[in-house]
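*Asks:* Below, each chain spelled out in residue letters.
2 protein chains.
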Amino acid sequence: MSAPQIISIDAMGGDHAPEIVVKGVAFARIRYPKTKFLLFGDEARLAPLVAAEAKLSDCVTIRHAPDIITGDAKPSQALRQGRNSSMWKAIEAVKLGEASGVVSAGNTGALMAMSKIMMRTLSGIDRPAICSLFPTRVGETVVLDLGANAVCDARNLVEFAIMGECFARALLGMERPSIGLLNIGSEDFKGTETLRKAAQMLRDSPLELDFQGFIEGDDIAKGTVDVCVTDGFTGNVALKTAEGTAKLFTEFLKAAIKSSWLAMFGMIFARPALSRMIARTDPRRYNGALFVGLNGVVVKSHGGTDAVGFANAVGVAVDMIARDLNTKIGEELERMNAAAATSAQATTA
Amino acid sequence: MSAPQIISIDAMGGDHAPEIVVKGVAFARIRYPKTKFLLFGDEARLAPLVAAEAKLSDCVTIRHAPDIITGDAKPSQALRQGRNSSMWKAIEAVKLGEASGVVSAGNTGALMAMSKIMMRTLSGIDRPAICSLFPTRVGETVVLDLGANAVCDARNLVEFAIMGECFARALLGMERPSIGLLNIGSEDFKGTETLRKAAQMLRDSPLELDFQGFIEGDDIAKGTVDVCVTDGFTGNVALKTAEGTAKLFTEFLKAAIKSSWLAMFGMIFARPALSRMIARTDPRRYNGALFVGLNGVVVKSHGGTDAVGFANAVGVAVDMIARDLNTKIGEELERMNAAAATSAQATTA
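Sequence order for the protein chains is A and B.
Just so you know, we're using this note's numbering here: the first sequence kicks off at 1 and counts up by one.
Just so you know, we're using this note's numbering here: the second sequence kicks off at 350 and counts up by one.
Please keep in mind that the hints were generated in silico from the structure rather than gathered at the bench.
Hints should not be assumed to be uniformly reliable.
Mimicking SDA-like on lysine to any residue, the simulated pairs with C-alpha atoms at most 20 Å apart in a straight line are [stated by the list, open to error]:
{"hint": "1", "chain 1": "B", "residue 1": "423", "chain 2": "A", "residue 2": "222"}
{"hint": "2", "chain 1": "B", "residue 1": "603", "chain 2": "A", "residue 2": "257"}
{"hint": "3", "chain 1": "A", "residue 1": "258", "chain 2": "B", "residue 2": "354"}
{"hint": "4", "chain 1": "A", "residue 1": "254", "chain 2": "B", "residue 2": "602"}
{"hint": "5", "chain 1": "A", "residue 1": "247", "chain 2": "A", "residue 2": "323"}
{"hint": "6", "chain 1": "B", "residue 1": "571", "chain 2": "A", "residue 2": "118"}
{"hint": "7", "chain 1": "B", "residue 1": "603", "chain 2": "A", "residue 2": "279"}
{"hint": "8", "chain 1": "B", "residue 1": "385", "chain 2": "B", "residue 2": "402"}
{"hint": "9", "chain 1": "B", "residue 1": "546", "chain 2": "B", "residue 2": "602"}
{"hint": "10", "chain 1": "A", "residue 1": "247", "chain 2": "B", "residue 2": "602"}
{"hint": "11", "chain 1": "B", "residue 1": "539", "chain 2": "B", "residue 2": "600"}
{"hint": "12", "chain 1": "B", "residue 1": "596", "chain 2": "A", "residue 2": "74"}
{"hint": "13", "chain 1": "B", "residue 1": "444", "chain 2": "B", "residue 2": "354"}
{"hint": "14", "chain 1": "B", "residue 1": "677", "chain 2": "B", "residue 2": "559"}
{"hint": "15", "chain 1": "B", "residue 1": "603", "chain 2": "A", "residue 2": "251"}
{"hint": "16", "chain 1": "A", "residue 1": "222", "chain 2": "B", "residue 2": "600"}
{"hint": "17", "chain 1": "A", "residue 1": "74", "chain 2": "B", "residue 2": "423"}
{"hint": "18", "chain 1": "A", "residue 1": "36", "chain 2": "A", "residue 2": "213"}
{"hint": "19", "chain 1": "B", "residue 1": "596", "chain 2": "B", "residue 2": "537"}
{"hint": "20", "chain 1": "B", "residue 1": "607", "chain 2": "A", "residue 2": "136"}
Taking the hints into account, I'd like the entire structure generated from these sequences.
*Replies:* Below you can see the structure in the form of structure tokens.
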């Protein structure tokens with residue numbers, strides 16, 4: 001990594017765009033002073049926002065894109081009508097080699113559909129997945145798929161396992177991450193036929209993955225494994241249920257403190273420690289899900305995040321580009337194919 | 350409700366049986382002084398435990414059952430070999446009319462399989478479901494299925510909606526509970542074909558249910574709807590992910606307080622308020638999942654719960670019997686069938 005990175009930004013995606021996007025880029029700029037940004041969107045709206053952030057003057061280029069993909073647009077509709085959208089143009093910049101990765105807080109389905117069309121999937125990967133980190137008792141766990149594929153077959157799940165393992169090694173620096181398949185029981189006979197088949201394939205894999213078998217929903221927070229593999233439907237429900245529960249807990253905590261004068265007095269002393277605790281599970285800290293399995297880095301920010309959260313999503317993109325995740329996934333797949341070929345040769349010999 | 354209820358207890362099921370089961374029955378006895386209990390299990394182990402609890406002397410009858418269904422037994426195996434088990438005998442007591450409902454902390458799959466065989470499903474119900482309450486920002490939400498059916502079709506989901514609605518009316522006293530289908534987005538095109546079909550059936554239902562469409566994982570904790578309907582795979586993952594997140598949060602909270610002397614000092618004042626908050630999300634409070642859709646009341650306690658949790662599971666059984674949930678579900682299904690017949694007549698006329 002010597003040349004400065006260029007990150008392409010869909011400045012019009014998300015609930016509070018483009019304001020929080022520009023502010024988020026300004027925050028990211030502080031953390032990554034060598035990174036440059038291409039901002040795609042309505043130039044008339046973006047120019048004054050960028051001008052107001054002094055630190056963006058030398059690192060941001062605005063590129064006009066007149067259209068916006070709305071949050072409720074179907075992916076197929078976005079593909080047909082979105083060629084002049086900020087989202088399309090931002091992804092296209094990566095395809096054209098003008099940027100190394102793209103960040104958007106816009107419509108997830110549209111972002112995935114456009115990314116697939118423009119970047120194509122990595123050779124050997126059937127379907128890209130959405131991948132992110134969950135906080136756990138012992139650190140962080142990689143979870144995928146978080147919503148790209150509502151229905152998956154066993155082979156998809158095996159590919160997710162390989163990509164998740166590479167992600168854990170690249171982002172968390174783990175030597176040999178352990179892998180679990182999310183199920184409704186740890187016994188071999190539990191769950192669906194697809195899960196049992198995927199488990200068998202992972203056990204038999206020539207990659208010699210550290211596959212720990214089935215795990216359950218509470219194993220995510222326990223940190224039982226480093227990589228939790230699931231289909232996009234289950235993963236999305238698990239992600240949002242965890243977010244909802246964490247928010248509920250924070251609200252209950254605040255309400256409990258406000259309910260008593262004595263508690264409010266005690267909080268004068270306990271606040272700094274509790275703030276650290278709340279920061280530890282702050283969803284903004286975990287903002288920025290990576291689309292793995294594409295020929296390029298695409299990061300999806302939560303649509304409702306603020307500038308701090310958006311800056312974290314930019315950070316995920318910067319990290320993934322710097323650590324060259326896609327090359328690593330490609331090497332892993334090649335290694336698997338070679339091992340499979342050798343084992344086939346041995347069988348026929 | 351004038352005759353005293355008799356509850357049948359599988360005294361050998363669960364991680365800490367029979368000790369916590371007997372203690373749990375003793376706690377339940379205080380809350381429900383008119384209820385009688387039949388305890389099934391190893392008489393030699395149960396007799397001294399029951400004798401040690403003075404308040405159980407006039408309300409408990411021990412019935413010997415030599416075998417135990419282990420936690421890892423397959424349902425099919427439990428059915429073949431479990432006829433002398435405490436679980437089988439406890440369910441059989443309901444079938445024979447000796448008890449009005451059964452509570453077990455044992456193997457969920459075996460409990461469901463045995464209950465189905467002995468009690469049969471309610472007329473008009475294809476598959477029973479596991480149903481429980483989740484704490485929410487505004488109260489409580491009924492969620493089902495929590496794990497009985499890993500794969501469901503649209504009709505199963507519609508039946509779950511009807512049963513969940515009756516459960517909300519019976520247990521929470523709601524007039525017209527709102528219903529949501531758990532999905533990975535609220536837009537009509539999101540999710541699986543099965544979910545889209547179930548949504549259409551619920552919209553078209555002659556029961557005029559208050560169907561609110563699709564909801565997402567975070568809507569459970571928000572309390573967006575009164576009844577959240579999902580397949581048993583997704584529901585089980587959501588339940589355990591929520592439990593895991595709540596536990597993680599509590600641990601982070603405790604660790605934060607212990608990390609600083611100042612916080613520990615502040616806690617002297619804030620502890621009562623925080624304890625109330627933790628009690629509000631105490632999983633023991635939500636222990637006791639009902640198997641809905643059977644000709645009888647079957648309540649599953651968490652296998653790892655303590656005596657307080659087990660007593661709460663007994664409470665769910667007592668409530669369901671007192672409020673005659675199954676009769677209400679039967680009436681609702683009859684009303685639906687009648688409405689369907691009328692509408693069919695109108696169409697052919």
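*Asks:* For every hint, state whether the structure bears it out.
*Replies:* We went through each hint and held it up to the structure:
no.	hint	in the structure
1	B:423 <-> A:222	26 Å, violated
2	B:603 <-> A:257	15 Å, holds
3	A:258 <-> B:354	42 Å, violated
4	A:254 <-> B:602	13 Å, holds
5	A:247 <-> A:323	32 Å, violated
6	B:571 <-> A:118	38 Å, violated
7	B:603 <-> A:279	15 Å, holds
8	B:385 <-> B:402	15 Å, holds
9	B:546 <-> B:602	43 Å, violated
10	A:247 <-> B:602	14 Å, holds
11	B:539 <-> B:600	36 Å, violated
12	B:596 <-> A:74	37 Å, violated
13	B:444 <-> B:354	15 Å, holds
14	B:677 <-> B:559	17 Å, holds
15	B:603 <-> A:251	17 Å, holds
16	A:222 <-> B:600	11 Å, holds
17	A:74 <-> B:423	43 Å, violated
18	A:36 <-> A:213	43 Å, violated
19	B:596 <-> B:537	34 Å, violated
20	B:607 <-> A:136	19 Å, holds
This entry does not satisfy hints 1, 3, 5, 6, 9, 11, 12, 17, 18, 19, going by the numbered hints stated previously.
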